[in-house]
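Engineer: Sequence:
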Amino acid sequence: MYIMKEFALIFRLDNQTDFRPTPEQIQERMNWLAGIAAQNKLADKGNTLSNESAKTVYADNIVTDGPFTEIKEFVSGYVIVKTDTIDEAVELAKANPIFKIGGNIEVREIVQRK
Numbered sequence: 001m002y003i004m005k006e007f008a009l010i011f012r013l014d015n016q017t018d019f020r021p022t023p024e025q026i027q028e029r030m031n032w033l034a035g036i037a038a039q040n041k042l043a044d045k046g047n048t049l050s051n052e053s054a055k056t057v058y059a060d061n062i063v064t065d066g067p068f069t070e071i072k073e074f075v076s077g078y079v080i081v082k083t084d085t086i087d088e089a090v091e092l093a094k095a096n097p098i099f100k101i102g103g104n105i106e107v108r109e110i111v112q113r114k
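With UniProt numbering, the residue at position 69 of the sequence shown is 69, and numbering never jumps.
Mixed in with the good hints, there may be bad ones.
[Stated by the list, open to error] Result set (DSS-like, lysine-lysine): computed pairs, CA atoms no more than 30 Å apart in a straight line:
1. Lys45 - Lys100
2. Lys5 - Lys41
3. Lys82 - Lys94
4. Lys82 - Lys41
5. Lys55 - Lys100
6. Lys114 - Lys41
7. Lys82 - Lys5
Keep in mind the hints are simulated off the structure, nothing from the lab. Please read these numbers as outputs of a predicted model, since none were measured by experiment.
Given only the sequences and the hints, what does the whole structure look like? Please build it.
Structural biologist: Rendered as structure tokens:
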């Protein structure tokens, strides 16, 4: 039996702390997810990740507030899709409404540990 690969679509925004989605933006995202689910390619609907309640842990038990404070983009959430190729996962990502607000999506294959 053939098993599709899984890919994480990682959503990034320039400034998540100021961004609050409108009901229309939420509906657009839900429609995008529904389209992927209708193709049976949605492995996990994912979640939004908080930047307000976040810490980064480094070696020697050093802990700082927030995620990667030295970079300007913040990971705002993720979705996991299942497709045959990374190119197919990229095509699914291209339809996401995050691009309308200046965000981007990183697509990465999930490597299953055996």
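Engineer: Does lysine 94 lie within 30 Å of lysine 82 when you go C-alpha to C-alpha?
Structural biologist: 15 Å, holds
Engineer: Compare the distance between the alpha carbons of lysine 114 and lysine 41 with 30 Å, and conclude whether the hinted pair is satisfied.
Structural biologist: Roughly 23 Å between the alpha carbons, so the hint for lysine 114 and lysine 41 holds.
Engineer: Hint check: lysine 82 vs lysine 5, CA-CA at most 30 Å. Holds or violated?
Structural biologist: 5 Å, holds
Engineer: Taken at face value, is the distance from the CA of lysine 41 to the CA of lysine 82 at most 30 Å?
Structural biologist: 5 Å, holds
Engineer: Sort out whether lysine 100 lies within 30 Å of lysine 55, counting only the CA atoms.
Structural biologist: Measuring from Cα to Cα gives roughly 29 Å; hence the hint holds.
Engineer: Going straight from one Cα to the other, do lysine 5 and lysine 41 come out at no more than 30 Å?
Structural biologist: 10 Å, holds
Engineer: Take a quick look at whether lysine 45 and lysine 100 sit within 30 Å of each other, Cα to Cα.
Structural biologist: 20 Å, holds
Checked against the numbered hints given earlier, the structure satisfies every one of them.
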